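Residue numbers (the numbering used here), protein chains in the order written: chain A, 83 to 288; chain B, 101 to 485; chain C, 10 to 201.
To be clear, the hints were calculated from the coordinates, so they are not data collected in a lab.
Just so you know, these numbers come straight off a predicted model, no measurement behind them.
Keep in mind that a hint or two might mislead.
Unchecked claim - Each pair of labels, with its calculated beta carbon distance range:
#, chain 1, residue 1, chain 2, residue 2, range
1, C, N136, A, F255, 30 to 38 Å
2, C, L12, A, K279, 50 to 58 Å
3, C, S169, A, A90, 39 to 47 Å
Glycine is no exception: its CB is placed at the ideal position from the N, C-alpha and C atoms.
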Amino acid sequence: MERTNRLAVFLNGLVKENPLLILSIGLCSSLAVTTNVFNGIGMGLAMTFVLIMSELIISLFRKQIPEDIRLPIFIIIIAAFTTIVQLLLNAYIPALSEALGVFLPLIVVNCIIMGRVESYASKNTVLDSVLDAIGMGLGYTWVLFIISLVRELLGSGTFFGIHVLPETYTIGFFSRAPGGFFVFGLLTALTVGISKKAAAKKGDAK
Amino acid sequence: MKQTLKLGFTLAAFAVISCFLLALVNSITAPVIEQHQIEKANAGMKTVFPDADSFEQVTDYKPSTDSAISIVKMYLAKKGGTVTGAVAQVSGPTYDHATILVGLDLNRTVTGMQFLELTDSPGFGLKANDPSYKTKGGTTFYDQLKGKNANDGFMVNKTFEAVSGATITSKGVANLLKQGTYSAGEYLAEKYGGAAASGDAPKAAEQPVLFSFEDAVKDICSTFDAYKGLTTSEDVAHDASYYPHKMVVDRESLIKDGSGKIVAAAVEVSGQTYSENGGSVIAVVDINRTILGARIVRIQDSPNLGMNTATPSFYNQFSSKSADQNLRPGTDYDVVSGASISSDCVADMVKVAAYEAAGIMEKHGGRTAPDGSAEYTLNEHYQEE
Amino acid sequence: MNLYLGIFLKSMLVDNVVLIQYLAICPFIGMTSDTGKATGMSIATTFVIILATAVTYPIFYGIMVPLKLEFLETLIFILVIAALVQLVEFYLKKSIPGLYSAMGVYLALITTNCAVLGTTLNCISKNYNYIQSLIYAAGTACGFLIAMVIMSGVRERIKSSTIPKFLQGKPILFITAGLLSLSFLGFSGLIK
Numbered sequence: 083m084e085r086t087n088r089l090a091v092f093l094n095g096l097v098k099e100n101p102l103l104i105l106s107i108g109l110c111s112s113l114a115v116t117t118n119v120f121n122g123i124g125m126g127l128a129m130t131f132v133l134i135m136s137e138l139i140i141s142l143f144r145k146q147i148p149e150d151i152r153l154p155i156f157i158i159i160i161a162a163f164t165t166i167v168q169l170l171l172n173a174y175i176p177a178l179s180e181a182l183g184v185f186l187p188l189i190v191v192n193c194i195i196m197g198r199v200e201s202y203a204s205k206n207t208v209l210d211s212v213l214d215a216i217g218m219g220l221g222y223t224w225v226l227f228i229i230s231l232v233r234e235l236l237g238s239g240t241f242f243g244i245h246v247l248p249e250t251y252t253i254g255f256f257s258r259a260p261g262g263f264f265v266f267g268l269l270t271a272l273t274v275g276i277s278k279k280a281a282a283k284k285g286d287a288k
Numbered sequence: 101m102k103q104t105l106k107l108g109f110t111l112a113a114f115a116v117i118s119c120f121l122l123a124l125v126n127s128i129t130a131p132v133i134e135q136h137q138i139e140k141a142n143a144g145m146k147t148v149f150p151d152a153d154s155f156e157q158v159t160d161y162k163p164s165t166d167s168a169i170s171i172v173k174m175y176l177a178k179k180g181g182t183v184t185g186a187v188a189q190v191s192g193p194t195y196d197h198a199t200i201l202v203g204l205d206l207n208r209t210v211t212g213m214q215f216l217e218l219t220d221s222p223g224f225g226l227k228a229n230d231p232s233y234k235t236k237g238g239t240t241f242y243d244q245l246k247g248k249n250a251n252d253g254f255m256v257n258k259t260f261e262a263v264s265g266a267t268i269t270s271k272g273v274a275n276l277l278k279q280g281t282y283s284a285g286e287y288l289a290e291k292y293g294g295a296a297a298s299g300d301a302p303k304a305a306e307q308p309v310l311f312s313f314e315d316a317v318k319d320i321c322s323t324f325d326a327y328k329g330l331t332t333s334e335d336v337a338h339d340a341s342y343y344p345h346k347m348v349v350d351r352e353s354l355i356k357d358g359s360g361k362i363v364a365a366a367v368e369v370s371g372q373t374y375s376e377n378g379g380s381v382i383a384v385v386d387i388n389r390t391i392l393g394a395r396i397v398r399i400q401d402s403p404n405l406g407m408n409t410a411t412p413s414f415y416n417q418f419s420s421k422s423a424d425q426n427l428r429p430g431t432d433y434d435v436v437s438g439a440s441i442s443s444d445c446v447a448d449m450v451k452v453a454a455y456e457a458a459g460i461m462e463k464h465g466g467r468t469a470p471d472g473s474a475e476y477t478l479n480e481h482y483q484e485e
Numbered sequence: 010m011n012l013y014l015g016i017f018l019k020s021m022l023v024d025n026v027v028l029i030q031y032l033a034i035c036p037f038i039g040m041t042s043d044t045g046k047a048t049g050m051s052i053a054t055t056f057v058i059i060l061a062t063a064v065t066y067p068i069f070y071g072i073m074v075p076l077k078l079e080f081l082e083t084l085i086f087i088l089v090i091a092a093l094v095q096l097v098e099f100y101l102k103k104s105i106p107g108l109y110s111a112m113g114v115y116l117a118l119i120t121t122n123c124a125v126l127g128t129t130l131n132c133i134s135k136n137y138n139y140i141q142s143l144i145y146a147a148g149t150a151c152g153f154l155i156a157m158v159i160m161s162g163v164r165e166r167i168k169s170s171t172i173p174k175f176l177q178g179k180p181i182l183f184i185t186a187g188l189l190s191l192s193f194l195g196f197s198g199l200i201k
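Please put together the full structure from these sequences, using the hints given.
Quick look at the structure:
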């Protein structure tokens with residue numbers, strides 16, 4: 083029984099309560115950095131790291147953190163890990179940190195992290211929290227991957243920097259700001275459509 | 101109270117531990133990050149000096165000899181620890197403004213040049229920094245400079261090809277190169293056995309100068325021993341009689357020497373120029389109806405073009421001319437290159453002012469006007485005709 | 010003077026914080042269902058953005074740089090913002106309790122508004138001086154207000170329009186945002 087529960091916790095973030103598509107949180111960074119796949123995955127993994135570490139520490143100390151000052155403490159912990167990611171990327175993958183720009187430090191105000199830490203990690207065991215973090219983080223990352231795949235392919239004809247489509251077939255629109263909104267809107271529409279169908283099926287089965 | 105203390109303590113504990121952890125990570129990553137910064141800065145300089153592996157900034161180099169151009173930074177280029185040349189960052193006016201990096205080796209040969217900043221006109225001067233723009237020689241504008249020796253000078257269309265349609269930009273860049281390579285060359289010659297300069301320090305490019313009425317008179321008088329130190333003494337009422345082409349006499353003044361004798365007259369005239377704001381000039385004439393000098397009081401024409409009528413090399417052309425001769429481009433004066441309308445308008449105003457001044461001198465014992473001098477001809481075709 | 014006007018217009022229109030820089034999307038989507046709420050939220054956010062910039066800038070240059078603590082930028086800035094929001098909350102509770110209860114939980118959410126932290130960080134990375142930073146913050150805040158008001162206005166119209174089934178709800182909001190963003194791209198040549 084416990085095994086299924088753990089798996090459920092993990093899968094939750096991937097699909098059922100996908101932070102971007104279902105809960106609609108953490109949107110800011112998702113649109114700005116998804117102009118190409120390298121940035122998209124980079125951001126996703128950076129955010130996942132901060133999420134895992136934050137949920138880990140906060141869950142670990144959840145009994146020690148007083149209720150009244152929990153928000154400032156959460157902020158300190160999340161900010162600390164965000165800064166660590168910043169420093170590590172600046173030193174070892176400067177290309178990524180330059181591409182992510184101001185959105186790297188903005189991970190600290192990513193609603194997903196704050197939200198999960200508040201609603202899950204502070205109330206659950208370490209193992210569950212870490213699984214939740216991995217699930218949510220990967221759920222975030224795979225959506226970013228899809229958005230950046232579409233935008234990079236259609237906007238500049240490349241995939242991970244490798245030219246796939248000839249330049250004349252690219253639609254610059256997708257690399258600019260409006261493109262992000264559009265792709266995300268269509269993706270959300272797709273999600274709504276699929277989930278409605280799934281709910282209808284469930285309804286039929288019943 | 102105890103509760104608050106406990107809360108504060110817990111908060112502080114988390115804060116301190118976090119900061120400690122961050123300081124730890126920072127101390128590990130900071131040197132790596134700094135190394136990246138240095139490499140990035142070096143990468144920029146390596147494009148103008150490919151043969152060096154490290155650069156060291158120096159500060160005791162000679163500044164530029166032109167007040168409008170500044171040598172912002174100077175670096176020694178080193179290969180394996182020995183100095184093989186220098187890189188200068190020079191900033192100054194072109195059509196608008198530019199900052200360049202130029203590399204110079206110990207023979208005073210340019211190893212490369214690059215624009216750090218160029219704000220000239222797109223499609224014209226800006227092409228100097230365009231990697232897809234090719235000169236007739238097949239290279240980009242800035243790559244032309246590779247291999248040129250500073251001692252041969254930097255002459256537009258001789259040393260290097262100007263950007264088509266942007267001579268002023270090209271001349272500006274040449275001036276920046278002259279200053280940068282001279283200072284770098286001298287530094288290398290002085291300290292690292294570099295080649296000596298074959299000529300003098302470059303001269304500052306002429307800047308236009310505007311004068312007030314009094315300052316103009318003082319400046320003109322100071323160029324003559326006989327009139328040194330003299331200035332305007334007594335203003336004369338001027339009549340509103342017809343002046344050609346809507347020119348207006350703004351002011352007329354007598355210039356007296358120490359004993360009170362009237363030695364010259366100054367007249368300021370306003371009129372049309374290339375720009376719709378027009379301009380004013382002043383001419384000073386002696387008792388022999390000779391123009392002692394002319395200066396520009398006001399002009400707002402295009403920078404580097406019409407504005408250059410206010411440079412000494414233009415207005416000094418009118419000195420020693422007779423107030424009675426027609427001032428013709430080509431014969432009596434050379435126009436500012438690219439600004440013939442402005443030049444001719446200014447010359448016309450000088451002519452009218454000089455003629456009026458000669459007329460004043462006539463009333464005070466000066467030479468009489470020769471026959472026919474009142475029917476003078478001006479150059480420009482003005483709007484209302 | 011021209012420079013300041015340029016910074017203001019650039020941050021308000023050309024680099025509009027929501028439609029071009031992608032910051033503050035959460036309140037943009039979440040709070041624009043009602044024009045009154047949207048305006049109230051934007052004004053509070055405007056206040057916090059400018060106040061945050063005014064406070065973090067001297068802290069950075071006055072304390073952090075001399076002590077070589079730049080690596081603590083993220084941490085200290087977000088704590089300052091959180092503290093400022095708390096203060097604003099206190100103040101509103103005491104002096105304008107009506108507004109306070111209307112805003113509810115959204116007031117606290119200003120802390121996590123990407124635009125606030127984003128603006129304070131941008132001022133540092135763009136090397137603006139103090140006055141320029143304040144003007145940039147004011148421009149950003151105005152841009153946010155404009156975007157919020159326009160969006161809430163459009164949403165009112167959406168309510169009474171027919172929308173394809175699969176686009177109803179959130180998707181149409183993003184498509185709308187995309188169109189608004191496209192129109193703001195038109196400002197891109199405005200300031201050099």
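Against the structure, the hints come out as follows:
1. C:N136 x A:F255: 30 to 38 Å: With a Cβ separation near 32 Å, N136 (chain C) and F255 (chain A) satisfy 30 to 38 Å, so the hint holds.
2. C:L12 x A:K279: 50 to 58 Å: Once the Cβ atoms are compared, 56 Å apart, the range 50 to 58 Å for K279 (chain A) and L12 (chain C) holds.
3. C:S169 x A:A90: 39 to 47 Å: 41 Å, holds
This entry satisfies every hint, going by the numbered hints stated previously.
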